[in-house]
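*Asks:* Sequence:
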Amino acid sequence: MAPRQLSPLVLALGGAAAVLGSVLFILWKTYFGRGRERRWDGGEAWWGAEPARLPEWDEWDPEDEEDEEPALEELEQREVLVLGLDGSGKSTFLRVLAGKPPLEGHIPTWGFNSVRLPTKDFEVDLLEIGGSQNLRFYWKEFVNEVDVLVFMVDSADRLRLPWARQELHKLLDKDPDLPVVVVANKQDVSEAMSMVELQQELGLQAVNSQREVFLLAASIAPAGSGFENPGTVHIWKLLLELLS
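Going by the working numbering, the sequence shown opens with residue 128, and the numbers climb by one from there.
Keep in mind the hints are simulated off the structure, nothing from the lab.
Heads up, a few of these hints could be off.
When the alpha-carbon atoms are kept at most 20 Å apart in a straight line, the in silico EDC-like pairs for lysine to aspartate or glutamate are as follows [said to hold, decoys possible]: (1) K301 x E268; (2) K364 x E339; (3) K301 x E272; (4) K247 x E339; (5) K297 x E328; (6) K364 x E294; (7) K267 x E339; (8) K364 x D248; (9) K267 x D300; (10) K297 x D213; (11) K297 x D274; (12) K267 x E294; (13) K364 x E203; (14) K301 x E339; (15) K297 x E268; (16) K267 x D213.
Generate the whole structure from the sequences, applying the supplied hints.
*Replies:* So this is what it looks like as structure tokens:
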């Protein structure tokens with residue numbers, strides 16, 4: 128039997144997904160990668176830099192230095208990657224943290240969302256990548272670029288929990304040293320699984336005891352009240368502790 132050829136639509140969708148993944152990776156490198164490079168390298172690269180020209184004696188004016196204001200110290204950056212299957216509540220979580228109004232209905236993320244939150248000592252960049260099946264392939268490309276991974280799970284989605292487990296363990300294997308916060312979202316739903324059930328179904332009891340993996344309950348509803356939501360507060364406090 129002759130091999131079955133792929134339809135032009137399938138080829139087009141595959142090419143679009145590949146292009147989208149490349150664009151996501153480039154955007155991550157250019158926008159979020161700069162802070163990480165600054166923190167690791169400890170300063171600007173010396174190669175290729177032109178030597179500073181000292182002012183001539185007749186050009187120097189002491190009053191010019193008195194008028195100059197000291198440059199503001201730039202805060203270091205910390206990167207948090209927010210992943211999970213579509214519909215788990217990733218976008219709502221970011222909007223709650225940013226103090227933005229909720230969106231009407233369920234709108235899957237096609238691409239990514241980002242939020243930058245300043246703290247006293249550093250800035251926190253949170254990047255959410257869509258959880259649809261064609262985007263999960265690119266998740267692993269970003270894991271090694273962040274400081275903490277947040278993995279959102281819909282506690283009431285029993286049917287797709289095995290998929291969530293599979294994707295979570297792929298990420299755990301990709302970077303064994305990365306701290307992971309698993310958020311059991313939608314605990315307020317009547318069909319939600321208990322924390323003990325989720326720990327077993329997600330295979331967290333089999334994770335190395337030396338690794339930093341946390342399971343937190345949350346009910347990040349679109350109609351929630353932001354940081355007054357206890358689940359959001361607990362997640363944010365844990366993130367700040369892990370990033371400090």
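*Asks:* Hint check: K297 vs D274, CA-CA at most 20 Å. Holds or violated?
*Replies:* 17 Å, holds
*Asks:* Can you confirm whether the C-alpha distance between K301 and E272 stays at or below 20 Å?
*Replies:* 12 Å, holds
*Asks:* What's the verdict on K364 and D248, does the C-alpha distance respect the 20 Å limit or exceed it?
*Replies:* 14 Å, holds
*Asks:* When you check the alpha-carbon spacing of K364 and E339, does it fall within 20 Å?
*Replies:* Holds, at roughly 15 Å.
*Asks:* Given the proposed pairing of K297 with D213, does the C-alpha separation stay at or below 20 Å?
*Replies:* OK: K297 and D213 at ~17 Å, within 20 Å.
*Asks:* For the pair we were handed, K364 and E203, check the Cα-Cα distance against 20 Å.
*Replies:* Judged against 20 Å, a Cα distance of about 18 Å means the pair holds.
*Asks:* So if I understand the rule, the pair passes when the alpha-carbon distance is 20 Å or less; does K297 with E328 pass?
*Replies:* 15 Å, holds
*Asks:* Between the alpha carbons of K364 and E294, is the straight-line distance 20 Å or under?
*Replies:* Outside the cut-off at roughly 25 Å; violated.
*Asks:* Can you confirm whether the C-alpha distance between K267 and E294 stays at or below 20 Å?
*Replies:* The given pair, whose Cα atoms are some 10 Å apart, holds under the 20 Å limit.
*Asks:* Is K267 within 20 Å of D300, Cα to Cα?
*Replies:* Since the Cα atoms of K267 and D300 sit roughly 10 Å apart, the hinted pair holds (cutoff 20 Å).
*Asks:* Do the alpha carbons of K267 and E339 lie within 20 Å of each other, as the hint requires?
*Replies:* Distance ~18 Å between K267 and E339 Cα, so the pair holds.
*Asks:* Checking one constraint from the list: CA of K297 to CA of E268, max 20 Å. Satisfied?
*Replies:* 12 Å, holds
Checked against the numbered hints above, the structure breaks hints 4, 6 and satisfies the rest.
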